[in-house]
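Protein chains in written order, with this note's numbering: chain Y, 1 to 224; chain U, 225 to 334.
No lab work stands behind these hints: they were computed from the structure. In this text, all values refer to a predicted model and were calculated from it rather than measured experimentally. Errors might be hidden in some of the hints.
Claimed, not checked - Each computed EDC-like pair below joins lysine to aspartate or glutamate, with the alpha-carbon atoms no more than 16 Å apart: (1) Y:LYS150 to Y:GLU36; (2) Y:LYS44 to Y:ASP191; (3) Y:LYS60 to U:GLU265; (4) Y:LYS44 to U:GLU265; (5) Y:LYS60 to U:GLU259.
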Amino acid sequence: MMPQESLVSPPRLAAWLIDLFTPNEQTESILGDLLEEFSGLASKSGPASASRGYWRQSAKTIVHLVGLGFRVAPWSIVGAVLVAYLLLVFGASLPEEVIVRLIHFRRHHVTPYYNQTQLATYVLWFSTSILIGRLLMSLIIGCLVALAAKGREMAATMMLGLFSGASVGVFLLVGVLKRPQNPYLLPFLFDQFAHSIAIVVGGIVIRESRSSMSRRTSGRLKRI
Amino acid sequence: MSSRDYLGEFEHIVILALLRLVDRAYGVTVRQEIEVRTGREVSIGAIYATLDRLEAKGYVRSQFGEPTPERGGRSKRFFHVTAKGMLALNRTHRAVQRMTQCLDLVGSYT
Chain Y
1 MMPQESLVSP PRLAAWLIDL FTPNEQTESI LGDLLEEFSG LASKSGPASA
51 SRGYWRQSAK TIVHLVGLGF RVAPWSIVGA VLVAYLLLVF GASLPEEVIV
101 RLIHFRRHHV TPYYNQTQLA TYVLWFSTSI LIGRLLMSLI IGCLVALAAK
151 GREMAATMML GLFSGASVGV FLLVGVLKRP QNPYLLPFLF DQFAHSIAIV
201 VGGIVIRESR SSMSRRTSGR LKRI
Chain U
225 MSSRDYLGEF EHIVILALLR LVDRAYGVTV RQEIEVRTGR EVSIGAIYAT
275 LDRLEAKGYV RSQFGEPTPE RGGRSKRFFH VTAKGMLALN RTHRAVQRMT
325 QCLDLVGSYT
């Protein structure tokens, strides 16, 4: 029969979050240490207690590492976030402009609709493509920030997401105070929330690709 | 390095933990040693951040051990205090001793 500790594994989500927030050179040591403590605790107090301990340690470690990122390189993070925020503000209409230009180009060659149903489909396609275009733009900007803030990808993209969300929050508050019954406020809020998420996803994409490159390199070095 | 380079409070504690643990000092044992001796619960991230800072200053050096199955095939990173680290530790101790000379700390605050 296998020992109990080998049957249980630490919470995957917590381990993934640690991997995301930890600098590459520390990932192996920190994940190894947490797993060792988890196994010890699981055999002593049971898997539930070990999982709670793992989550507690992971949360404290992530908070510490994010704080450290800001203390060690505050200006590089703030600089990257500010440039990206300006890109977000001034480039917000870029996806719409590209899509409208494409449609205008098509209109000279093909009429996009002939009846009411086709018009409804066209409007739906038009609004959806603008939404997707803007989300893609947020994702790309998130990737650019993460590329600029090497080793602190998550701290930088989360800061940009929060900053962007907070500025929209102020805008919304003013909007609600001026016109409380505005029907567009809630969809706008969801739209902006999706953009903040897309920015952070951009950070995750870059961070994950850097982690996998680092794992491949260290695997190759170990084989040598 | 300037002769005024003193260890920070947590750096001081971490270096003392490394000295106590001799050749079994890695993340888990350092964290446990600090927790047992000071009653202070610290995260593994805080330990590594401090150890990396100390390594950058040349006060400690690290080396990876063999990968072990209980760590999911990951290696332990062992830490040792360097001669430069010992000098910084002594300098900090002397400064604390000089500052506490003639002070009845135990009598005043217990």
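Tested hints:
For a cut-off of 16 Å, the pair hint linking LYS150 of chain Y to GLU36 of chain Y is broken: about 29 Å separates their Cα positions. Under the criterion of a C-alpha separation no larger than 16 Å, the hint pairing LYS44 of chain Y with ASP191 of chain Y is inconsistent with the structure, at around 48 Å. Only pairs whose Cα atoms come within 16 Å are accepted, and LYS60 of chain Y paired with GLU265 of chain U is accepted, the gap being roughly 10 Å. A distance of roughly 19 Å separates the Cα atoms of LYS44 of chain Y and GLU265 of chain U; the hinted pair therefore is violated under the 16 Å criterion.
The suggested pairing of LYS60 of chain Y with GLU259 of chain U holds, with an alpha-carbon distance near 15 Å, which does not exceed 16 Å.
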